[in-house]
Amino acid sequence: MDMLKVSHLSKNYGKEVIYQALNQISFSIEFGEFVGVMGPSGSGKTTLLNLLSTVDQPTTGDIEIKGINPIQLKGDELAHFRRRELGFVFQDFNLLDTLTIGENVVLPLTLDSIPVNEQEKELYTIANILRIEHLLNKRTYEVSGGEAQRTAIARAIIRRPSLLLADEPTGNLDSKAARIVMELFEKINKEHHQTTIMVTHDPVAASYCKRIIFIKDGAIYNEIYSGGSRQQFYQQIIDVLSLLGGEANGV
Amino acid sequence: MEFKQFAFRNVLRNGKAYFAYFISTFVSATLFFSLTMFILHPDKGTFKSYINLSLFGAEIIAYLFLILFVFYSSSVLLKKRYKEFGTLYILGISRKQFLKMIYIENMIINVAATIAGIITGLVFSKLFLEIIEKLLRLSSLPFYFPIRAIFITIVCFLLLSIFVSLITSIFVKEKDILRLLKATNAPSPTPKFSKPIAVFGIVLLITGYVFSYFAKTENLEKIILIILAMVVISTYLIFSQFVVFVIALIKNNRNLYLKNTNLIWVSNLFYRIRDNAKMFFIITITSSAAVILSGASYTFWLNTLSGIEERYPIDLTYETYDKTASFSANEVQFIEDLLKKHHHSYKKIVVDYKYLIQEDKSEIPVMKSSVYNQFAKALNFNLLTLKDNEVIQIINPENPNASILNSVAGKPVHVKESISQSLPLQNNSFYVVEDELFEDIENKYVSPSKYAQYLFNTKDWSKTYVIYDEYEKKFGNNSKSLFLSKSHIFETEKRAYGTIMFLSIFLSIIFFVATGSFIYNKYYIDEESDKQKYKQLYKIGVTFEEMKKIISIEIGVMFLLPYIVATFHSAVALGALQKIFKVEVGAAAMIVMGIFLLLQIAYFFIIRLNYLNVIKKHLTF
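As they're listed, the protein sequences go chains A and B. Okay, so the first sequence: first residue is 0 according to numbering that gives the first Met the number 0, each after it adds one. Okay, so the second sequence: first residue is 0 according to numbering that gives the first Met the number 0, each after it adds one.
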């Protein structure tokens, strides 16, 4: 079953001088997949993610998430779609400073007017998965980067979205915190069948994925699948990247 | 967590951002409430309609200004939260929820500020009423519990917050929020300016100043609006165009621009001034309004009260056009009885002119020397001594053309000397003659248009308005006589200027607090990006001492620029006032601008210290 279907997606920027950020991209992702998107700077990764997260509108082409085309949605329908079907993890966490860690996590439920006792129940389940139970009453400036990112992931998946989108989730983390975060992504994907798309520069982070789509100049350049061994997959990624001429060592 | 809790926490845990906004709304609410409480005071008595009208007018101006202020502040503060809004958007907040959030947040701040303002207003109400009593010359007003004022204040501020929430939510565009999310953070474009418009701004300002120099009482009404428009528009152009233009000139001077830290602060200011042109403009206009208002009212207050002796040398004057002696005798007797009743020891001068008919049918007033000498004693000028056929000409300095007197009742006289001296109630020049000669003037030489004047000087005139009040009560409707009391005029003027002064101080405080809040918000908004900027500078080897210099110059310019322009505006406006109304503004202007400057300097040092601390902490972190 296809969770996400992207067909002939293009995005142009500029008025007089047209810059084609995405050129007729098509691919699909099945339920429960963990897909990495890689490519050099300016290849169109971020544009693709912006289109999938409905932050930006494509010039042509279609997106289908769980059979729904979010491009057609407007106003409240779109808000509800984002709230229920999408989860988003940012490079710089984007936690709200005015809320505690726990409050940040339940925010999507608050927006959906879920009763407080159910919010609490969900919070403890999710906090347990992401191992942030001890942080729930802390404020955002009291936790480390890795803890902040785990909070952001908890917030992104608390509604059990159809699609989890992550934009360089390890970009601001040291290697130890990055490893913990990636292991959690892997665990959520494996144990809870969370369909995930992650944009990254980092071949180490990418090696946790089951499949990598390489983009260059707005078009798909290559696609590789993991055979099961992370070490081997890492080597494969490095090989493609060196062919791609991008940065092999990430950020 | 419920949605309401979420909005509450956004405000409560974000104290630093809302601090200045809250304080200034709170001060405004306090003043607004206090004024309403006074206007509705049951024992206030009835005022002259103009006082009631100006009290009411000031309240409306304050309210309209508050709408602008609250709107501007909240939209500035919301800008800083665009990234937060972007996150909420991604989490699926609906437009309706977003509006609700802004609405609740605005409500919390305004309701808190209003309640705090009302409580403070109640606590200090005795003090406020005492100040008002003093400035408006009222008898003491007792404390009362102002239910209606509380109600009006709450309703006004609730409406304000609903209205502002509505407008701000229209101004926050989804597109702008999303731009921040797309991570395509384009650097802000180079400030643009047009040389002709920059020059036009300066020319317009000078033209406005020149116009105000040529303003007269007669044409004031017509041109004041034109002058105002010119100055307001040119002020905006100066900040948005001219100053940017001047900095561009500095940038083009390579020797100056590339000299140690100049590079940093000049290029910073280049962007800053363009970005903050609107704020500079608002600060300049509100500061000018505050200084001009308080300067002008203080000027009138000082001038009127110090000029009273000169304008009214005699305490009480009575004159009547009724020729029957009994009529005036009756009223004068009433006045004298009152003076005695209130234990005022007084000196009465009975003024008696005879109007000599000349050959050309004109009339020349003459006065007998004993009456003139009574004046001389009361008003401290030289006594006169005259022989039979001598007369002395008294020339009114305001009206110096006088006809020549050759004979009195057929007897030739010669003019001994001419004295320039004005007497109360006499607008023309006249002659003083010897008493006997005066008495001998037969009726056929004298015009029958004779009327009587009685003047009274008391030991202490300050309470004699009571006599005026009682006279008014009894004889107020008769149009044949005119009774003036220095004390009454003094009290009336004092009350009128007291009202104006009180209201301009009232508005000035609101303007000033708002200005302070604008500046605080500005620095609060820039703090985050500046922290990053200075950290980068630190990494490439700029020392903290150098940063101190850069920051001081930057903050100094930001403070000074509006102050300088506002000072120019106020100086020109008060200068025009001096010319048009012939009042002395120097002292008042100096005091008001001095106080303003001191407050600004104090505020500059507070903001600078605070800012340096934030940067320093961030560098060592």
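Bear in mind the hints are in silico, worked out from the structure with no lab data behind them. We put the CB at the ideal spot given by N, CA and C, even for glycine. Keep in mind that a hint or two might mislead.
Claimed, not checked - Residues from chain A that face chain B, not an exhaustive set, calculated with beta carbons under 8 Å:
no. : residue
1   : V54
2   : Q56
3   : T58
4   : D61
5   : A78
6   : F87
7   : L95
8   : L106
9   : L110
10  : V115
11  : Q118
12  : K120
13  : R159
Results for each hint:
1. Against a cut-off of 8 Å between C-beta atoms, the interface hint on V54/A holds, since the closest Cβ of chain B lies about 5 Å away.
2. Taking 8 Å as the C-beta contact cut-off toward chain B, the hint placing Q56/A at the interface is violated, the least distance being around 10 Å.
3. For the restraint placing T58/A at the interface with chain B, the shortest Cβ-Cβ distance is roughly 15 Å, beyond the 8 Å limit, so the hint is violated.
4. For D61/A, the suggested interface contact is broken, since its CB lies about 20 Å from the closest CB of chain B, more than 8 Å.
5. Checking A78/A against chain B: minimum C-beta separation of about 4 Å stays under 8 Å; hint holds.
6. Of the supplied interface hints, the one on F87/A holds, with its beta-carbon coming within about 5 Å of a beta-carbon of chain B, less than 8 Å.
7. Interface restraint check: L95/A against chain B, minimum CB-CB distance 6 Å, threshold 8 Å, status holds.
8. For L106/A, the interface hint holds, the least distance from its beta-carbon to any beta-carbon of chain B being 6 Å, beneath 8 Å.
9. This hint holds: L110/A has a C-beta 5 Å from the nearest C-beta of chain B, less than the 8 Å allowed.
10. This hint holds: V115/A has a C-beta 6 Å from the nearest C-beta of chain B, less than the 8 Å allowed.
11. Because the beta carbon of Q118/A sits about 7 Å from the nearest beta carbon in chain B, less than 8 Å, this interface hint is met.
12. Nearest Cβ of chain B to the Cβ of K120/A: about 13 Å, over the 8 Å cut. The hint is violated.
13. For the restraint placing R159/A at the interface with chain B, the shortest Cβ-Cβ distance is roughly 13 Å, beyond the 8 Å limit, so the hint is violated.
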